[in-house]
Amino acid sequence: RSGAANAWTRAIDLAAERGQPGTVVLLAAAGMQSRVWEGVSPAALYHITRALTRVGLDGYARMIAVEAITRL
Numbered sequence: 097r098s099g100a101a102n103a104w105t106r107a108i109d110l111a112a113e114r115g116q117p118g119t120v121v122l123l124a125a126a127g128m129q130s131r132v133w134e135g136v137s138p139a140a141l142y143h144i145t146r147a148l149t150r151v152g153l154d155g156y157a158r159m160i161a162v163e164a165i166t167r168l
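Residue 97 is where the sequence shown starts when you use my numbering, and the numbers rise one by one after that.
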């Protein structure tokens, strides 16, 4: 795991572990709330892409990763 654990990281990781794609998507959206991409931490992107992949939403995980990389 990357970064310090907090309530949000624990929630998105648990939702992924339980196979809850809807919850993962909602938590991912909450984790990306920022006016600029630089406001989304690398640790948050890690948890988001990992959780999305774990619940079978690989395409969304890749799309978010590519978007973040192209915005840097």
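If you are wondering where the hints come from, they were derived from the structure by calculation, not from laboratory data.
Among the hints, a few may not be true.
Claimed, not checked - Between beta-carbon pairs, the in silico distance windows are:
#1 M159 to V132: 17 to 25 Å
#2 G135 to G115: 27 to 35 Å
#3 A101 to M128: 28 to 36 Å
#4 A103 to P138: 12 to 20 Å
#5 E134 to R114: 26 to 34 Å
Computed from a predicted structure; not experimentally measured.
Beta carbons: idealized from backbone N, C-alpha and C, even for Gly.
Against the structure, the hints come out as follows:
1. M159 to V132: 17 to 25 Å: holds, 18 Å
2. G135 to G115: 27 to 35 Å: Distance hint for G135, G115 holds at roughly 29 Å.
3. A101 to M128: 28 to 36 Å: violated, 18 Å
4. A103 to P138: 12 to 20 Å: Holds - the Cβ-Cβ distance for A103 and P138, about 19 Å, lies within 12 to 20 Å.
5. E134 to R114: 26 to 34 Å: Once the Cβ atoms are compared, 31 Å apart, the range 26 to 34 Å for R114 and E134 holds.
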